[in-house]
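K.L.:
Sequence:
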Amino acid sequence: MLNNSSSTRIATYNVNGISARLPVLLKWLEETQPDIVCLQELKAIQENFPEKAIRDLGYNVIWHGQKSWNGVAILAYNEEIKEIRRVLPGDPEDVHSRYIEAFVGDLLVGGLYLPNGNPAPGPKFDYKLGWMKRFETHTNELLKQNVPVVLCGDYNVIPTEKDVYKPERWVDDALFRPESREAFHQLTNKGWIDALRKLYPDETIYTFWDYFRNAYGRDAGLRIDHFLINPMLENRLIKAGVDRHVRGWEKSSDHAPVWIELAK
DNA sequence: ATGCCATTGATACAATGA
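All letters in the first sequence, in the order written, are residues 1 to 264 by the numbering used here.
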């Protein structure tokens with residue numbers, strides 16, 4: 001395909017507002033040419049998604065917008081997207097646009113924007129933990145299926161102390177609280193593979209730098225955007241990385257794009 | 001401990017984010 005005919009590049013990018021981010025998004029897509037992209041935090045109603053600009057680059061796209069907050073999308077270059085669901089099962093009352101899932105070729109792709117959960121404790125933290133429980137239930141179902149699965153997005157979880165510039169500052173934060181980390185580790189315990197950690201077990205890897213306090217300049221980052229892949233894909237995982245330089249662009253998101261490459 | 005910045009938008013002396 002685009003990057004390399006022998007591999008598929010899948011990327012995830014929390015854009016923090018698709019309207020404000022469109023020039024940066026298009027520039028990054030043209031520069032890195034991923035085959036499949038999951039976007040989070042569209043912060044736009046369904047009608048305001050820039051469908052034409054995305055399609056003009058050769059991507060098919062499905063998305064689930066929401067006024068002001070949340071919103072997720074899946075893009076696929078020159079490949080059909082077969083939508084499976086656009087809601088995380090398990091709670092009919094939950095109307096946040098935080099999950100979208102589709103087949104792209106033989107690959108099942110889930111894009112997620114997991115709740116932030118601050119302040120903790122409180123109702124927002126309860127919502128986060130409830131969402132994670134529902135997510136685990138759903139991923140258990142996915143593990144039973146005999147298909148390759150990629151679950152990527154903004155997990156809003158710092159998995160370990162290695163994944164934050166100053167752990168002691170984050171102990172009471174919903175992203176780093178033991179409950180959040182344990183819920184994330186439940187997933188890896190069940191067989192999901194944290195793709196970037198698998199390839200880089202000891203490196204410091206960040207995917208987010210706060211807009212405050214010159215966080216990017218100081219490299220005061222967090223690793224909260226993740227790729228979980230099922231065991232079927234373990235031997236096809238060949239590369240992974242963070243497009244850190246995009247975080248340094250004018251008008252960038254506070255997240256950087258993250259990607260993996262799978263052998264065909 | 002707080003604010004620091006950025007985005008969306010009953011354009012706010014707000015709400016949310018991480």
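Derived from the structure by calculation, the hints contain no laboratory data.
The structure presented is a predicted model; accordingly, all values stated were derived computationally and were not measured.
It is possible that some hints are incorrect.
[As the list claims (entries may be wrong)] As a list, the in silico SDA-like pairs of lysine to any residue whose alpha-carbon atoms are at most 20 Å apart:
#1 Lys144 to Glu203
#2 Lys251 to Leu22
#3 Lys124 to Lys162
#4 Lys162 to Leu108
#5 Lys27 to Tyr77
#6 Lys264 to Lys43
#7 Lys239 to Asp210
#8 Lys264 to Ser6
#9 Lys264 to Gly122
#10 Lys52 to Leu88
#11 Lys166 to Thr204
#12 Lys67 to Lys144
#13 Lys43 to Tyr77
#14 Lys43 to Leu108
#15 Lys133 to Gly122
#16 Lys239 to Tyr211
[Unchecked claim] Restraint ranges, calculated between C-beta atoms of paired labels, are given here:
#17 Lys124 to Phe212: 30 to 38 Å
#18 Gln186 to Arg55: 23 to 31 Å
#19 Lys144 to Val87: 31 to 39 Å
#20 His245 to Glu47: 27 to 35 Å
#21 Pro167 to Tyr211: 39 to 47 Å
#22 Asn140 to Arg55: 13 to 21 Å
Beta carbons: idealized from backbone N, C-alpha and C, even for Gly.
K.L.:
Is the hinted pair Lys251 and Leu22 satisfied, with a Cα-Cα distance of at most 20 Å?
P.N.:
holds (10 Å)
K.L.:
Assess, step by step, whether the Cα of Lys52 is no farther than 20 Å from the Cα of Leu88, and give holds or violated.
P.N.:
At roughly 27 Å apart (the allowed maximum being 20 Å), Leu88 and Lys52 break the hint.
K.L.:
Would the pair Lys239 and Tyr211 pass a check requiring their Cα atoms to be no farther apart than 20 Å?
P.N.:
Violated, because 28 Å separates the two Cα atoms, which is more than 20 Å.
K.L.:
Does Lys264 pair with Gly122 here, judged by a C-alpha cut-off of 20 Å?
P.N.:
Roughly 45 Å between the alpha carbons, so the hint for Lys264 and Gly122 is violated.
K.L.:
Take a look at whether the Cβ-Cβ distance between His245 and Glu47 falls inside 27 to 35 Å.
P.N.:
Cβ of His245 to Cβ of Glu47: about 33 Å, so the range 27 to 35 Å holds.
K.L.:
Keeping to a limit of 20 Å between CA atoms, is the pair of Lys43 and Tyr77 held or broken?
P.N.:
violated (23 Å)
K.L.:
Take a quick look at whether Lys162 and Leu108 sit within 20 Å of each other, Cα to Cα.
P.N.:
Measuring from Cα to Cα gives roughly 29 Å; hence the hint is violated.
K.L.:
Need the status of pair Lys239, Asp210: alpha-carbon distance at most 20 Å?
P.N.:
violated (26 Å)
K.L.:
Hey, Lys264 versus Lys43, does the alpha-carbon distance stay inside 20 Å?
P.N.:
This hinted pair is violated, its Cα atoms lying about 34 Å apart.
K.L.:
Is it true that the CA of Lys124 sits at most 20 Å from the CA of Lys162?
P.N.:
violated (25 Å)
K.L.:
In this structure, is the beta-carbon distance linking Lys144 and Val87 contained in 31 to 39 Å?
P.N.:
Given a distance of about 20 Å, which is not inside 31 to 39 Å, the answer is violated.
K.L.:
Given the hinted pair Lys166 and Thr204, is their alpha-carbon gap at most 20 Å?
P.N.:
At roughly 12 Å apart (the allowed maximum being 20 Å), Thr204 and Lys166 satisfy the hint.
The structure is inconsistent with the numbered hints 1, 3, 4, 6, 7, 9, 10, 12, 13, 14, 16, 17, 18, 19, 21 and 22, although it conforms to all the rest.
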